[in-house]
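Two chains, each in its own frame: build the complex with the hints.
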Amino acid sequence: MGRRGEGKPVSSLAQGLANAFGILVGLLGLAAGLIWVERRLLALWQDRYGPNRVGPFGLLQVVADMIKIFFKDDWVPPFADAPVFVLAPMVIVLSTLGAFAVVPLAPGIGVSDLNIGLLFFLAMSSLGVYSVILAGWASNNKYALLGALRGAAQMLSYEVFMGLALMGVVLEAGTFDLRSIVIAQRHLWYCVPQFFGLVVFVVAGIAEARRLPFDLPEAEAELVAGFHTEYSGLKFGLFFVGEYIGIIVISAMIATLFFGGWLGPGLPPIAWFLVKVAVGIAFFILLRASLPRPRYDQLMAYGWKVMLPVALANLAVTGAVVVARAGGG
Amino acid sequence: MVVIFYLSSAVAVAATILAVTRVGVVHALLYLIASLLAVAILFFTLGAPFAAALEVIIYAGAIMVLFVFVVMMLNLGERALAQEKAWLRPRVWIGPGLLALVLLGESLYVIGQGAHTPYRVAVTGPEAVGATLYGPYALAVELASLVLLAGLVGAFHLGRHALHGGPRDGERPQ
Chain A
2 MGRRGEGKPV SSLAQGLANA FGILVGLLGL AAGLIWVERR LLALWQDRYG PNRVGPFGLL
62 QVVADMIKIF FKDDWVPPFA DAPVFVLAPM VIVLSTLGAF AVVPLAPGIG VSDLNIGLLF
122 FLAMSSLGVY SVILAGWASN NKYALLGALR GAAQMLSYEV FMGLALMGVV LEAGTFDLRS
182 IVIAQRHLWY CVPQFFGLVV FVVAGIAEAR RLPFDLPEAE AELVAGFHTE YSGLKFGLFF
242 VGEYIGIIVI SAMIATLFFG GWLGPGLPPI AWFLVKVAVG IAFFILLRAS LPRPRYDQLM
302 AYGWKVMLPV ALANLAVTGA VVVARAGGG
Chain B
8 MVVIFYLSSA VAVAATILAV TRVGVVHALL YLIASLLAVA ILFFTLGAPF AAALEVIIYA
68 GAIMVLFVFV VMMLNLGERA LAQEKAWLRP RVWIGPGLLA LVLLGESLYV IGQGAHTPYR
128 VAVTGPEAVG ATLYGPYALA VELASLVLLA GLVGAFHLGR HALHGGPRDG ERPQ
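Chains A and B supply the protein sequences, listed in that same order. First residue of the first sequence? That's 2 in this note's numbering, and the numbers climb one at a time after it. First residue of the second sequence? That's 8 in this note's numbering, and the numbers climb one at a time after it.
Since the hints were derived computationally from the structure, they do not count as laboratory data. What you are looking at is a predicted structure, and each value in this text was computed from that prediction instead of being measured. It cannot be assumed that every hint is accurate.
Unchecked claim - Chain B stretches covered by chain A per the calculated footprint, using a threshold of three residues with CB under 8 Å from any CB of chain A:
| id | region |
| --- | --- |
| 1 | 33 to 42 |
| 2 | 60 to 73 |
As the list claims (entries may be wrong) - So these bits of chain A aren't anywhere near chain B, every CB distance computed over 10 Å:
| id | residue |
| --- | --- |
| 3 | ASN53 |
| 4 | LEU61 |
| 5 | PHE284 |
| 6 | ARG294 |
What the hints assert, rightly or not - Covered stretches of chain A, as calculated for chain B (at least 3 residues, CB under 8 Å):
| id | region |
| --- | --- |
| 7 | 112 to 118 |
| 8 | 137 to 146 |
| 9 | 149 to 161 |
Don't be surprised by glycine CBs; every beta carbon is placed ideally from N, CA and C.
Pulled out of the complex, with its shape left as it was, chain B reads as follows (with noise of 0.2 Å):
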């Protein structure tokens, strides 16, 4: 488990730096896939085989799903990678890898200081996870539902006025 811990680590890491760097949006976002996938495994040899499923369906397969779909519907060609290519220079990665270099020194720092917790695995079963969710977090929960609905008025207002002779669908809102 310590191994495959190491090693989706590193894949995690890997992808997540493809992930930025990449120039082709599906390209990019094919590696945060594999990188969010990562994570979940380390959820997993963590003892979180919850957590690690949820992180598979809801970010790997339904977040990220939608992310590949609308950058689909806008089927950026050739222009808009030349675009990225403009905007991703290096000295872009200035500011960034300034501010990274500093939480690479500070997580050094905190390791060398021994004071880590020590890898061990309790497996956690989604009985304790549903319990903890609707027991000391009930609010934390209620506020999530409460942005969800939100995000649900806000979606059937937008969708709304097709249906009340305004723009329908394909003709360009005045």
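Bound conformation, chain A alone (with noise of 0.2 Å):
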């Protein structure tokens, strides 16, 4: 710790809320606009035109889409746990968000400034579980069940490599601090020694927010629409709001913790960082573009023989290293 260097603590009550406030629009804005972003994407990919009629390239498509969803009956099942039914899209929203408050942007850019930054991220990632499980419970429906017994047992298991893989960064940095984390690589990305951390933390990423091809939570074609299958209106906009939040968190951090977060030539440093989650979203709706979803047993095996395996070599390697490091001065 104290290796804060170039940066500065946000230091005023009024600054850091002024940059707390800003970065929660921008991160919402963010969101709602990666509807439109998503569909045009993936129409690029799968040569077809996606959303086009609404206002210039079919940007106001994301108001169409809100104003339909704000206007959907906010509607609770007579069957359901009627108060944990309305607390599990909260709890993925709240999760997401806390992840990012401790993302930080720039110099003098970022909500908070924790020693154990890395920690809170993980955190915050293992209570976003409790929407999936909370919501198919909650919803006494089978499908829904199902869903929610699949979300956890994926979301559990990918936790695991997802801490491992992340360690080996911890361990060449020293420090759990986020932004300590991105000044030690001013002279070369982790993306270089920490590779294997990259590709595992990656892969577990996509399972935690739950995209595809790790989609097995809800598998439409399967289980109706899994965990959030009686969800309507407000309620599931939540739940998409959350899982848009959370792909921008795992890019925010993918840039953060292996691409030298606001680290680069010529550009200012938030345009940078900017640069380096666009291209994180982008990546993840390519994969979303091309990859067939596995079979669960699959799924559960691919985690559990190799990705845990690579997540402990590199671990055991980054720490030999370290160490003879330290020893050879």
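Rendered as structure tokens:
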């Protein structure tokens, strides 16, 4: 700790509030805009037009979608467990927004500089599991329950590799503080020495965000809509927004931990960060456009038989290298 | 910080009481999760951010998820609720209530004596926790890892017999 360098800690209360509020509004706006971005990019890669009727390039499709969602009947099924049913969509939005609080966007821009920032991110993403489980249980619907069971097993398993993959970065940087981790990458981005960590983290990140190809908790071909089968209107909208914020958070963490965060020549730091996050999001959407969904047992076997050994080996080798470097001076 | 400390203590106590008294299992578990999160905030205000993060990741984020998972698998219905209601009659509360009363008296006495450590914040970073764990407490860490290994071997043994012509998933073991 103490290696803050050019990363100025966010100081006064007013500045901090403006910072946090700006990031919150920007994040929610970006999450809404991603609805349009995803549909247009998917269409591009699948050789069709996508939404292009409402406004220029179909940009106002987002507004149309939001109006539709806002005016739908906000309905709780009579057979559902009402309080838990209402709680579940809030959990996903709060946990993903909370995870973004520790992301350092640029020097002086960021909600909070926690000295355990990385652990806080892991804690928030592990709480996100509850939204899937509780939604599935409270819906009192067998498809929802099946989706929730899958979601719980998938997210619990991939969380393990996610944490282990990140520990290589922590070993190299010697800190959990995300700002210091970015500054430690001044000479070499961690995507080179921590290549296997990056691969495992990206795969685990997709599984945590429940995105295709790992969207088995939803799997519309077999489970109707999985854990959110019974949700409609605004509550479904919350799941939707939560999923997109989840994508942004995972992309931001990939950029921060493996691609040097705001570091880069020429452009201002915040622009570099946004470019890196945008590339990450586009990669997520490309995966959705190109990969088929695996079977559930394939998903679990892949996780425990491939990802876990790779993550453990990466951790052991990184530890050995760090110790050797420290010993050899 | 002092306000946050007392606020989250109150939340922890209330959530724990509700976790014990709720009839529905999932609702009780939710209150238990709230209580664990409140304890995590307590750790944080006491200057132990590392312990706070672990409390959320391990207890609230992993162990309690498994609890909820198992409850969902069992899918207890109305009958279990009725049974739980029958078990939780007021008479049941007398014994535990008396024991808790003794503890409450003791803690009130201790606080009254003024022998408590004053509230102070000395932040302990992750490095310090790691150095202590693998320094003076290395033996405890090794013992804990032995327990985990035993659990792993047990789980492997229980899951193994399906591979060797034993009962497969969904079949009832003979």
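Hints, verified against the model:
1. 33 to 42: holds (count 4)
2. 60 to 73: The restraint on the region 60 to 73 of chain B holds, since 9 of its residues have a Cβ under 8 Å from chain A and three suffice.
3. ASN53: holds, 42 Å
4. LEU61: holds, 39 Å
5. PHE284: holds, 26 Å
6. ARG294: holds, 21 Å
7. 112 to 118: holds (count 3)
8. 137 to 146: Per the Cβ count (3), the hint holds.
9. 149 to 161: Per the Cβ count (6), the hint holds.
Comparing the model with each numbered hint stated earlier shows that all of them hold.
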